[in-house]
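Residue-level listing of the chains:
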Amino acid sequence: MHWRRRLLGGLAIVAVLLMSACDFSGPQSAMSPAGPVAQAQLDVFMWTYWLSWPVMLLVGGVLAYALYRFRAKNEEDSKTIPHQTHGNTQLEIAWTIIPVILVILVAVPTVRTIFASEYRIEREQYTADDVIVRATGYQWWFKFEYPVEGFVTANEMVIPVGRRVIVELDSADVLHAFWVPNLAGKRDMIPNQDNQVWFSADAPGVYYGQCAELCLGAHAYMRFRVIAMDEADYQAWVDAFQRGAELTQNVQADPLVEQGRQLMAQKGCIGCHTVDGFYPGVAVGNPDYPDLTNFGLRTTVGAAIRENTPEHLAAWIRDPQVMKPGNRMPTLWTADDPNAEEEAAALAAYLLSLGVASDETTATLGGTHGDR
Amino acid sequence: MAIGKLGAPPVVGQPPNTLLTRPTWTEGLFSWLTTVDHKRLGILYLVTSFIFFGLGSIEALLIRLQLAIPDNTLLSPDFYNQMFTMHGVTMVFLAIMPMGIGLANYFVPLQIGARDLAFPRLNAFGYWVYFVGGLFIYTSLFLGGAPDVGWVAYAPLTSLSNNPGLGTDFYMIGLFVSGIGTLVTAMNLIVTVINMRAPGMTMMRVPMFTWMMLITSFLIIFAFPPLTVALFQVMMDRTFDTLFYVPAAGAMPILWQHLFWIFGHPEVYIIILPAFGVISEVIPTFSRKPLFGYPVIILSGIFIGFMGFAVWTHHMFTTGLGPVVNTAFALTSMVIGIPTGIKVFNWLGTIWGGKVRLTTSMLYAIAFLVTFTVGGITGIMLAVPPFTAQAHDTYFVVAHFHFVMGGGALLAFISGLYYWFPKITGKLLDERLGKLTFWIMVPSFWLIFFPQHFAGLMGMPRRTQTFVPGIGLEIWNLLSTVGALIMGVGLILFVLNIILGFVRGKPAGNDPWDARTLEWSTTSPPPYYDFDRQPVVNDRDAHWVQKYPESVHGERVPESASEPYDRGGAHIPGQSWYPFVAALALLPFSYGWLYDNMWVVGISMLVVTVATYAWALEGVGGKHIPVGDALDADTERGEGGRS
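These protein sequence lines map, in sequence, to chains A and B. Per this note's numbering, the first sequence starts with residue 730, numbered consecutively. Per this note's numbering, the second sequence starts with residue 174, numbered consecutively.
Bound conformation, chain B alone (with noise of 0.2 Å):
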């Protein structure tokens, strides 16, 4: 399979000593450990981020049975704490948050006209430190229990009398860790990003996905400080024996809330600003028309990314904060729904006048659409603090973000995978199993969660094992648990799919969806080095412009830039252990901290250092390729062939 394929073996030279020479691999496991292509590493992410999705949801499942009918005891507390617990953890930063990164590693490259990431390497540390994170933390299923204080972790639940098992240390441990990795991601994104894109390509010629990952790159930046922050003022807690959450000796617990929301309501723009952006690429493909109103929609997420931080406490409103500060939040709160409404608006005015091809990958786009209006309805209900007094805590809440989550962000990603499918793999989906599994998936969606806004008005509080009966609850929590059955049919069809799509899906082509943005000028799957000639950009969407220009512009098709940017061919960069050795240290060092062991910290800390300078002093490796018709004669291409 020549997905991902790599490189021959480098030309340029090598120093002697094998320590620091970079590695070559093509095929197979090692290839795989020390690959640097952003391709790669972005299929990496993808696969990982769909094994944590479907673990998460398993744990999704053993909730809803847990809840099918009232006083049921199918699930101890415990143990059902723990899973809901993990379903959060691993939906908001093992699954879907990794999949738009892991979208974004195939993609922003491509889009932009790059060969590469502009850091390969902090790359596939990024990836590694990521999958390094979640192992870490699923392992704690085995240790001795995971955590089970909830994906928010409110202290003083945490402190060490509260919670003295070690659940709560693997929840602290690995998040602080896998935030490491998407850190560097988000940096090396912005770089690439500034810096990288393609001749022609200014900033208002962006692709709107590549555009929504910018700006989820600032956010990052921004948001996860503060987390780290108080992850380890916990763990300083629950080691050296400080007192940040320790309300015998004074301390106020609400510190964690405040440092938790300042970074998990950005968050929440972090999942869906990439979803955004899919949904802006699969829209105008299968509309054929461009993106209605591209700047506002750059400008909304701008906008919406900014206002983030200036909400969080509205994940507050019933701590006592004060009807000042409650008013300030909610009217802040509310205006974040004016730029997402018209991005609603836009994606709405991109149909109109269009044609319209109801493929797998737009109906899922549709069905956003409308779970999204509906989950952003209810974002503006929960604004209202004398409401949320109400609401908050509650299956509406619940309701709420997993119309935004899942419906918005989930259903978002699985329409750009069924969109950028064939450019990954060269395989078309099938589509006929596709849209029996859409028609699945989206009514079960709905059947498990719309019934629960119902259950939430009633009065059932989340992250209860159970529920009492008599009190109206047994028949929206009987609903949600059958729509879960149902979905859990779809999620098995939908990797059906998948598979068969792997293993005999017919040929894509190029482009298969006459798309517009310049990753679908190049062969699916794209060779190593992406491009066989450095794209030049003149337009917005700069491929449906070469296909089309007179559609774009009329008689007065301007002269194609054809000016040989890389008449002195392209680097491609090499391979390399140091990124993968450091990440993998992350992992004894982790248990290190979480057994109070420092033999183990500090050891695995050298490692970590010693990786680091081998990373800067290995010889340069990479791979130099002529362009052009020197192309063609030199190097082998992926199976697609040119179009």
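Extracted from the complex, chain A is given alone in its bound form (with noise of 0.2 Å):
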């Protein structure tokens, strides 16, 4: 008998082994919440999980031990008839009750996880503390739009560490879903209907955030980040945004961004791409495109599938077809265009400018004006 019971206690330390020697965890992982969403959504999962052990054991034990002790020796052996058994109603009593039982161990904490994770807030009953983003998917980018505090960015939404973060949902085309493992499961955005989606983050970080529902084209590059910040980061954070317009404006001190600057209108991308305060008073761009304004406070390119260097910036605006195939920017330049390099460049330097408010920038602002 005991070899059993060590054959038994051999498989639960392989299954131990086997959850703790493999490294699950990462940026992208359900496997590592970081947030009270994510947690419970993990626990009723490893709740299953560890039930699901006994069950597995329960039929592969009792499948190899009947293989084992009830095989054929041999042709002779192959050739008798065993009694023909029709069944046992005990038997089948037993085993209509113990998937009841297991269906039960897993119902109750699904119903009330669901209802701690799930239910719907509406309007009236947002809070003065909660982070309020209105999320709008497109093919393929992330629009972000912070209605109470007044600004609009794309593809890295930045909250505060701790609060309540509600995110309302919606798509400007075709099916999409807003996915950040590591803080809640998914939500779709759908045209049409007002979804939701609410979570908080624990600890600052930065957390991924992929698109989960085909929508053709570049879908495996539909990429996003939630930046969770202390709050004093985020209240600088929002302060550049509200201040979007001043920041921006001081660009001439660096030829390179200059010319940057001028390439921006030159090139066209101002006809899409708004930039607050890209000129003093004039306002471009359309809000169905990614809004660049304080694209320096940004970490990646091309809706979080690089990071925001001058080099991967360059590299994305020499051939955005090259990085994320499928996508809708256009190619500015032909291939033997001599100038494509250096003008790629300038148009990174200016972008990468925006909204990186040092000491100088500050200082000289108000006198640009005179310049135009």
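In short, the hints are calculated from the structure, not lab data. Among the clues, some could well be false.
[As the list claims (entries may be wrong)] Okay, derived cross-link-like pairs now, DSSO-like style, lysine-lysine, Cα gap no bigger than 30 Å in a straight line:
(1) A/Lys808 - B/Lys720
(2) A/Lys808 - B/Lys608
(3) A/Lys802 - B/Lys720
Both chains are given apart, each in its own frame, so use the hints to dock them into the complex.
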């Protein structure tokens, strides 16, 4: 009898080892929750996971034992006829009750978690402490509006640690899904349907998100980030956006940056992309394209597919199809245009200067007006 | 070769009009085009479905090669989207489901002691419509691109403005047409099982595979209409500018998901219930015991089928239907775990106390039990909406449904193929090669799909042409791809095994496995009239009881009912061109609709109508055969001879 107990013990150890030996954490992993919603979702999964082991061991164990014990030992043995049992009512009742109990064991925490994590917060229930973001999915990027604070950004949502974030979801074209595994499970973005997801972050950090509903083209590259900051850092970030117009006006200090600003108009970038304060008093861009205001504060390029370095940004501008096949940003230069690299670098320099508030920038604010 | 051999020319009177005369080819291409024999059509279904399965496997291999490493550029996003869409459409509609229907075509009449399905020409029509639908969908690869919207084709991705190419039209029209074939076949099977059982075969004596096909057929009848409605709506949008799924006009695209999944979830059971049926034949045979808990397994099957219509929104847990809806459908989904668990326990109960022979067929059945149980457990996990919020549309779901569809249905059908191949061909498959193939196929299957659970948990969405490096997904994807390559080798060996079996398999005899049900009482392959004498049934496992009455009834062996039910002989239905013609006319119909050419559509519909009338008006044909000793003298029989 004891070898069987040892086998079971061994299997249990293997199970624990399997779960601990592999590292399933990651910036986009549901296994490393960084907020209460994702934690609750993981908890109920782990409960079903541990429940599944006895089921698997029972079925596997009985199967293995039966195959060993009742195997036909040889040709002669395989011709004998075992007792022709048709069934057993007690057994049927027993193995009806076992799954019923298991289902109840799963169902109770499931229903509790549903009602704890999936309820809808109506607008009149929003509190002053909540962070409200309107997220709109586009092929293939995310627009994030902060209606209370009054500004728009794209592909990177900055949130304060500890406060409840309510994301109102919409789509401008086909279905998309808003999904930041570390913070909360996904919710679909559906045209004409007011969906919502809410969560909060326990600690500062960068949490990866990705569209999880097929939207063709560059779907695989439709990524975003949620960046959780301490309250003070968050307020500074909000402040930078609210003062975006002022901050972005000082760009002539660096000739490359100024060239980049000229090119934004010459190459037509500004026809689609809004840059708040591009020229004093000039409103440009189109709300259905990624807003580039304060782009220098972004950590990524091309809907969170590359880190935001001058090289990545210049390469992205030079030929967006290389980095993100299928996306809708036009390539502005022919393949043999000798100025392409230089101009792309200038555009990158300009964009990276946006929103980066240095003392120098602040000091020279206002002086720039005369140059125009 | 005597497989599916047809009878000699009919002896009954023919009308003089040649157009309305039944054709009588017994061999050659025309005999296959005009056949109404359920065995020949079963073979056609099986061969066609395995060809589509091969195509679907190639698509799967391309997907895995693309995902071997991050940021791979082997396939363009466009082509990748076409590949996984075609993989899904092929496997669900053109490969796995028709495998079950093919086996049913061949074995349901044999298991219930009938000489054909109730409507043989309708059966032929069903096959050819499936063939035409599949062919039509596959020509999209050469006519501007295959569908690329996923096998679920969520609106509004399918609207003309979002998807101007022809791919979506191929999907909609192709499924619409092939759905007709599936529907008529389901009706045919229901009428057959209800009406054409052998004398003495009460419903509680019907073999389990036939029972599961009966339930499946009811599911088809109730599940396909909502799909047809949805397909039609999208085609109306695309052809006649209606606004069912145009958000700019105020449409709620979620409607498509409701209609699709109230079809789509029963569809899962349409695939898996026949697989349950196969397993319920294989395990008792190779355990030499009756199916444990036969009535409980039937009731579980009915319960699963019924509940299958009450769980569809568990595919929509992330669409924001709210906590009350999610709770309701979470509970109904979990409840399905109960009858499924009962079935698994009953199969274990069948093995317990038996004499188990580990043939290739039995090995696949055992692999089914283990793999399907894992898929069932992840199914319960996915019935938990808060977890599905994370796992939905990730590789966790991909792993789950491949464990139930591939590891479940496919392994069961392969088990069934090894089990029934000797009956279909009269030849045995090589067991050594079969077992070698098994030990390649099943471990590689696990290697492909088990790591995908982890990839999904770590944040890899499905239907993405690539994944980013550095978030821990590389190793799981590489393992999957390696597994896919190994399984490719396994599939080649599997095909080789089948071909070798055809070419030089050892003669099987009538009953190589010492099996239990009526199909094993006739010759291998069965004669075109199926049975020499009308079988008379006085117990479950009719053939086993004939062989070993004392093992079931002890001392009280009942008098074998031997009333000559077939004293007047039997009528074998005649061949016909019209099912083939009517089905084939749906091909130009489809292209006409595709290219908005209403003339072609109209003419094709005219051909269908004329063919249907001719079908109704053509002569009786067929063959009247005497039975018993008279039969011996009258006709040649299959190669296997009488046992």
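Now for the hints, and whether the structure bears them out:
1. A/Lys808 - B/Lys720: 13 Å, holds
2. A/Lys808 - B/Lys608: 21 Å, holds
3. A/Lys802 - B/Lys720: 23 Å, holds
Of the hints listed earlier, there is not a single one the structure fails to meet.
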